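Residue numbers (numbering that gives the first Met the number 0), protein chains in the order written: chain V, 0 to 509; chain E, 0 to 270.
Since the hints were made in silico from the structure, they are not lab data.
Don't take each hint at face value.
[As the list claims (entries may be wrong)] Only part of the chain V face toward chain E is listed, based on derived beta-carbon distances under 7 Å:
id, residue
1, 115
2, 294
3, 297
4, 314
5, 323
6, 325
7, 385
8, 391
9, 398
Note that this is a predicted model, so its numbers are computed, not measured.
Don't be surprised by glycine CBs; every beta carbon is placed ideally from N, CA and C.
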Amino acid sequence: MTPLPLTDLRILFGLRWRQFRSGAVFWLRLLGYDAQASSWMQRVYVLYLLGIGSIWFFAMWAWGHDLALSIGQSLAPQILAQLLERVPQAVLLLQTWAMMASLRSTPLKLSFPDMAWIVGSPLARSVPVLPGFIRQVLTRCILFGAIWALLTVLLRAPLAPATPLDSLRVVLVVALLVVLTWSLAWLLGILRLVYPQVSGWRWLWLTPLVLLPLAQLAPDQTLWPGRLLVLSVYDLAPPGALVLIALVAAGLVASFVILGARINMIQAADESAVYARLAALGLLAWRMPDLQLRIRLQQARSGQKPRLRIPSVYGKRAMVVRSAIAGLRHPSLMLVNALWGAGMTWAAGLILVNELPVPLWIGWLLIAGIAPPIGLLYTFRRDVQEPFLRQFLPLDGFQIFLADVLLPLAFLLLGALLAWFRFLQDLPPELFFEYLITGVMTIPLLGLLLALCGAAAMTATRELQTRLLGTGASFGLAILASVLLGTPLAGLVVVCISIALLGGVLMQHA
Amino acid sequence: MNDDIPADGNTDDAPRDLLRVQGLGYKYGSFHALSEVSFVAGAGELIALVGRNGAGKSTLLRCIAGWSRASEGEVHVMGQALAENERQAREHVVLLPDTPPFYDELTAWEHLQFAAQSHGWRNWEDEGEDLLERYGLFNNRDAFPFAFSRGMRYKLAMCMALLVEPKILLMDEPLGPLDPVSADELWIELNRHRNEGMTILLSSHQLPHEAWPDRYLIMEQGEIIGQGTPDELRASLGLGADDSLTLDSMLRAALRRRRNAPRSDDAAAAD
């Protein structure tokens, strides 16, 4: 028997195509398409939707292109140099993460229908491997390709505007690196599934972390993929290296497909439990990131003994301590809070000091409104959105908010203030103290305001819209007041008024 | 409406002012989930809410607990209007939904601990242990509830509710997730709390054998189509002394009577 029976493979690709099509039909139905009625009008309507979608896509792409160009043109040379220096490290981080993820849990993800119909079927065990790999790599190629197409425009802007060919070349290099990275990760993950005795090594998944200190000792051997990417932006990448990468990636893919015939499918199904639960939610999982997060955290927590104990404290102090323990039992959420605070502060500092275009402030506000750190209001959401639990809390909404947000906000502010302090190190001494004091005064209040916008939105029917509106209005007005009146104090006054108003909303409605 | 029983449902001389529901209505969009629901419940009464799927039982319980805002009518808890003194009124009411949610990061014991300590209660531990023991959860006290079965989750919710000792306990389908032995035990517990003065209103499609609530409220399409004690219902629904009074027979008789009754607009036209 060949390691990859083509008939079986064709059947599985057919199944995946049907699944993709039903997903697409779901989205089209949301836009008014009637899948049951196979009339010409409906087909024309699909074409119309595709046309409108294409126009929207190209309009957004053009906007992104222009924005990247204007940012690139206004970047100071030392900032550009710093960015280029960070790219290889970022690429290495991503590669390390991909390998860790594959070693921690099976790279071959099975949904509940897969477990029922594919694992139990006479299909060769290697058959689900290739479609699974292709699906994972395709989504990553699209995501990273789009990001790097815009980054190419940004990074080339100080020299000469990038042509579409430049972006295309970089996207091809990105695709090669994605295939190389994930084929290596899949090979490691499948080796673990083939040799079950290796699965017993509890900390095996942490071994790729060795690459990070190694990057300091042997940068040429570890950072070359990122460097190649940077070189390709300026059309300096040696073609021979790209051919070599393609050959190595093909070899890796062939290896894990052959090894796939010996996979322990029971273990793969067992380790796919979280993925299967998320896949069962379908597109709802993307609309409800909190639910997605809860499922992941539940899985991480199952089988573990609880860390820390709630001490004998009473009343409001019990609320604060409980929230703190809940936070400390999810250290990853607290870390994400700190990283989010640091990243957003750094971005704000870059926009502010380099006087980058206004649309970037709008983008910054949109990120703050659409994707605030998920751990900031994790406990509060549970407290106020589950009326069963809410009835056991003898406090008003604002008091619950303060108790729940104390620790996550502290982590957010810690990350933000450290990032601000580090950012100011590169500024001239005369600006350092002015910016430092402004930051220390502003950042805690803005952090509190961000949390309040999210919390108040949870009391509304349309949470995302309310949060966007609240964040945009309160932050936007503060920025406007600072700019128009020429002093950050004006902005601070607006922030304080917003905090008071939103606190009142929570007191009444949460 | 059952014409044998007054509009407010007051059928005897027992104190009936712990929970008063008057002309309650609730709409999902244009759909009337509840309309003109009125009844009164006194201290130490156990009332079963009976009706087909979608009759409005859960919606009624949610409106009484203040989880959903009624579009018309009033709910009075211990003499206080829920709409006006929501926070105070809600302190006396606990609703157990059919699938209670929990905190993912707290164990079963910590749920009780948190509920007690956030209320400022000291020396609650013995009672907490006793509750977990009685409901068969003591050995799972350090486990996370998300790993519990549906029945165990309901029992933990019950323990939390009983720990805070509400005056009014509302239960949505309490017996559905429980095994027959646990259901019998729960009924014994409910009787005990009823005797201690707790008012219990539960919706259910089944009751343990030989379980007799004080009163029944029969609902259909958001309205109460019959209410009263078992004897009153037997009389008003035309069930003979030999007919067994089960939820099934009661519901069928009430629906039959409703179908046969002249519609109010037809009656008005005939007048």
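Verification of the supplied hints:
At a threshold of 7 Å, the smallest CB-CB gap from residue 115/V to chain E is about 22 Å, leaving the interface hint violated. Given the 7 Å rule on beta carbons, the hint for residue 294/V is violated: about 10 Å separates it from the nearest Cβ of chain E. At about 5 Å, the closest approach between the beta carbon of residue 297/V and any beta carbon in chain E falls short of 7 Å, and the interface hint on this residue holds. Annotation: interface hint on residue 314/V holds; nearest CB of chain E at approximately 5 Å, less than 7 Å.
With a least beta-carbon distance of about 11 Å to chain E, the hint placing residue 323/V at the interface is violated under the 7 Å criterion. Hint status for residue 325/V relative to chain E: holds, with the closest Cβ pair at about 4 Å, below 7 Å. Hint status for residue 385/V relative to chain E: holds, with the closest Cβ pair at about 5 Å, below 7 Å. Interface restraint check for residue 391/V: the shortest CB-CB distance to chain E comes to about 5 Å, inside 7 Å, so the restraint holds.
A least Cβ separation of about 11 Å between residue 398/V and chain E goes past the 7 Å threshold, and the interface hint is therefore violated.
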